[in-house]
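S.K.: Here are the chains, one letter per residue:
There are 2 protein chains.
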Amino acid sequence: MRLQLDCLPCILRQVLEISRKATSKQEVQEKIMKEAIEILRNFKNYKTPPELAKEVHGLVKLYTGNPDPYKEIKKQSIKKAKGLYNFLKKFLNQQKDKLYWALKISAIGNVLDYGVYSRVELEKDIEKELKKDFALCNLKDFKELLERAKKILIIGDNAGETVFDKILLEELNIKEKFYAVRGAPIINDATLEDAYDSGLHECSYIISTGCSLPGIDFKECTQEFLEIFNKADVIISKGQGNYESLSEIKKDNLFFLLKIKCPVIAGHIGIDINNYVFKKQV
Amino acid sequence: MRLQLDCLPCILRQVLEISRKATSKQEVQEKIMKEAIEILRNFKNYKTPPELAKEVHGLVKLYTGNPDPYKEIKKQSIKKAKGLYNFLKKFLNQQKDKLYWALKISAIGNVLDYGVYSRVELEKDIEKELKKDFALCNLKDFKELLERAKKILIIGDNAGETVFDKILLEELNIKEKFYAVRGAPIINDATLEDAYDSGLHECSYIISTGCSLPGIDFKECTQEFLEIFNKADVIISKGQGNYESLSEIKKDNLFFLLKIKCPVIAGHIGIDINNYVFKKQV
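Just so you know, the protein sequences line up as chains A and B, in that order.
Per my numbering, residue 16 is the first one in the first sequence, and the count goes up by one each step.
Per my numbering, residue 16 is the first one in the second sequence, and the count goes up by one each step.
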């Protein structure tokens, strides 16, 4: 998906949020915003939103010296999500179409704000989100591909969500399962460390995309990732950042699993904001 | 209230929204965004959010030739609000503390999205908003001042809201009542034409602040406005833009009436977002 004008204020808002996580020094936050505006001047040079986001977020590292402002938040998210694991497994085991609900669990992992809530509150929130059906769900196509699939790749998104993805992976009866994460910390996206923390090594091979943007840039990817990406029988791309990066490529074994949280993506997919989507790439 | 870093992405988002109202030409929208970013580079030169907003919104006029992109929307809002007048009057007449509820009616005028709703839906929305009490309400101080007041000034905010303000003005038993509006179109803020359309001349003297920013800048104000501002016994400043402009001045007969819709203002007032406030300036 090409960078839209709407992405500019959104990325500027995001970098301010990250700056404040990375430093309490207002003069540094201000410096980062000033430099971010300088980068925005050349927005036409960036193809996708994650490409511009990477450049802008790089300023936070540069000026605060903090390479991972979300480190603590990511740890907490994973811890809280792990606390929900049994609850989610129990729910899943009560369902008839377990695959549908495993996908739904994986999709809602992306929307929870783990920060300030107790487990009881989180469970309530989850139940509310679980009740919403997918607004678009290409489950039949997925099941067909799955029948003869030997290799699946999930491209992860946020830390915490990783635990929900583990439940999906455990549900998939496939020989080789790969779980790809960012090559370096960016916002609250999962890295190798976060994936291991979430226990994903217990049910899949964890790999790095090699990318340090909140999405995928094939020029940055490792050879290993590219090979698995090309050879996998089925690929699930999680979240908005990966969608933004991959929505234009032709690949009929690629599925997008996300909650739509942004009006630009809503317009691009043709489904209203706040809906869940499991969409086959055409 | 001084311009905060949070205001930068917010103003950039707003100018995109206005650009799209003013023109369907994407290359013009893009030009406006490019120039808006140029203005943002010098954000340190602007004291308050409305001052920066004015400069940025000026680009829309400049590049689209449309001096009033919200003209039609403002007209519709006033029409819809007028359709609610009898409903609101009836509600008010059923209340014991009519002044409290007239203030509340005036405050909620600011939050309705008149655009796509039917009258029945709007009435439902209003009832919901009316039920919420003020989170902060300096009504006692206001009543004390009101007892011996001969001259009151309300500084208006949006078109449509103007009709709700009329109900407040009608409730005030004061000799001279003034209603001030922007000196030129800016966003959906009320101008002289909108104030007359709303029938405010039937219960007050309508004046212009002389300002073309979404707030007040004393350097831009007409002599007439300044005199009334200085001589009024009580002043009510409506909405966020006026608050941003006036929150730092010392004036103990000034009251702010608004719904808090922005986290920066919430922090400044010390009341959570989404709450209603009727606050005496100290």
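Fair warning: there could be bad hints in the mix.
Put simply, identical chains are the same to the list, so a pair is met inside one copy or across any two.
[To be verified] The calculated DSSO-like cross-link candidates involving lysine-lysine, where the alpha carbons are at most 27 angstroms apart (straight line), are: (1) 36 - 295; (2) 192 - 165; (3) 46 - 62; (4) 76 - 49.
Hints were generated in silico from the structure; no laboratory data involved.
S.K.: All hints, please: hold or fail.
M.R.: Quick rundown of the hints versus the structure:
1. 36 - 295: This pair counts as neither: shortest intra-copy Cα distance 36 angstroms, inter-copy 34 angstroms.
2. 192 - 165: within (8 angstroms within a copy, 78 angstroms between copies)
3. 46 - 62: both (25 angstroms within a copy, 18 angstroms between copies)
4. 76 - 49: So residue 76 and residue 49 pass the 27 angstroms test inside a copy (15 angstroms) and across (26 angstroms) alike.
The structure is inconsistent with hint 1 alone, although it conforms to all the rest.
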